[in-house]
Amino acid sequence: MTWFLTSIGYKYLNLIFLDTFSDLLPILSSSISWQTLQKKLCLPQWNMISEISRKCLHNLLLCDEMIHAREFLYSILFLFLVAGYLVCTHLLFVSLTSSELQKEFEKVKSLMIRSSMIELRKLLDRYPTFEPNSF
Numbered sequence: 001m002t003w004f005l006t007s008i009g010y011k012y013l014n015l016i017f018l019d020t021f022s023d024l025l026p027i028l029s030s031s032i033s034w035q036t037l038q039k040k041l042c043l044p045q046w047n048m049i050s051e052i053s054r055k056c057l058h059n060l061l062l063c064d065e066m067i068h069a070r071e072f073l074y075s076i077l078f079l080f081l082v083a084g085y086l087v088c089t090h091l092l093f094v095s096l097t098s099s100e101l102q103k104e105f106e107k108v109k110s111l112m113i114r115s116s117m118i119e120l121r122k123l124l125d126r127y128p129t130f131e132p133n134s135f
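The sequence shown: position 20 = 20 (UniProt numbering), numbered continuously.
Treat the hints with caution; some may be incorrect.
[To be verified] Straight-line Cα separation of at most 30 Å, BS3-like style, residue types lysine-lysine; simulated pairs: (1) Lys122 x Lys109; (2) Lys122 x Lys107; (3) Lys55 x Lys11.
[Said to hold, decoys possible] Label pairs and their in silico Cβ distance ranges: (4) Val108 x Arg70: 23 to 33 Å; (5) Lys109 x Gly9: 33 to 43 Å; (6) Ala83 x Val108: 11 to 21 Å; (7) Leu13 x Tyr85: 19 to 29 Å; (8) Tyr12 x Leu86: 26 to 36 Å; (9) Leu91 x Met117: 34 to 44 Å; (10) His68 x Lys103: 23 to 33 Å; (11) Leu15 x Gly84: 50 to 60 Å; (12) Thr6 x Leu92: 23 to 33 Å; (13) Glu104 x Leu81: 27 to 37 Å; (14) Leu73 x Ile113: 55 to 65 Å; (15) Tyr12 x Leu96: 21 to 31 Å; (16) Arg121 x Leu91: 38 to 48 Å.
Keep in mind the hints are simulated off the structure, nothing from the lab. Idealized CB from N, CA, C, for every residue including glycine.
Given these sequences and hints, build the entire structure.
Take a look at the structure:
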């Protein structure tokens, strides 16, 4: 399925499409019912319009710039998909890492608070506080 996105796949599908419609158009135009329908509706311009539209379609499908433009758009789409995947994986990694760091910081914080309180109590026991009315 991914070979449709390549230039070779596009050319292959283009040739199949043109071959199919080039075989169908003479069959439709040569059938009796088609000719009677054209005569009934009095549309001589139809041949000219169909010829112009056929030429435009043919030129549009065979245009090399269109092939390059489609390849460019497909490559941009592929790059966006890859960039989106990379962004999602990095966001997941950052999220998991930040939650682990937060847990570690909580552990360290609890250890630091306990140890600092113990040290403060030791200092207070060693050096008693002076009261302002002691003189």
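Tested hints:
For the hint linking Lys122 to Lys109, the alpha-carbon distance of about 20 Å falls within 30 Å, and the restraint holds. Straight-line distance between C-alpha atoms of Lys122 and Lys107 comes to about 23 Å, which keeps the hinted pair within the 30 Å bound. Between Lys55 and Lys11, the direct Cα distance comes to roughly 18 Å. Compliance with the 30 Å bound is thereby established for this hinted pair. At about 56 Å, the CB distance of Val108 to Arg70 disagrees with the hint of 23 to 33 Å.
For the pair Lys109 and Gly9, the supplied restraint of 33 to 43 Å is violated, since their beta-carbon distance comes to about 59 Å. Between Ala83 and Val108 the C-beta distance comes to about 36 Å, which lies outside the given range of 11 to 21 Å. Range check, Leu13 to Tyr85: about 27 Å between beta-carbon atoms, so the 19 to 29 Å window is met. Checked against the hint of 26 to 36 Å, the pair Tyr12 and Leu86 passes, with Cβ atoms roughly 32 Å apart.
At roughly 38 Å, the beta carbons of Leu91 and Met117 sit within the given window of 34 to 44 Å. Range check, His68 to Lys103: Cβ separation about 53 Å, and the 23 to 33 Å hint is violated. Evaluation of the 50 to 60 Å hint for Leu15 and Gly84 yields a failure: the beta carbon distance comes to about 34 Å. For the pair Thr6 and Leu92, the beta carbons lie near 32 Å from each other, so the given range of 23 to 33 Å is met.
Take Glu104 and Leu81: their Cβ atoms lie about 35 Å apart, and the range 27 to 37 Å holds. Separated by about 58 Å at the C-beta atoms, Leu73 and Ile113 satisfy the suggested range of 55 to 65 Å. Distance hint check: the CB atoms of Tyr12 and Leu96 are about 45 Å apart, inconsistent with the given range 21 to 31 Å. A beta carbon spacing of about 45 Å between Arg121 and Leu91 agrees with the range 38 to 48 Å that was offered as a hint.
Violated hints, in rising order: 4, 5, 6, 10, 11 and 15; the structure is consistent with all others.
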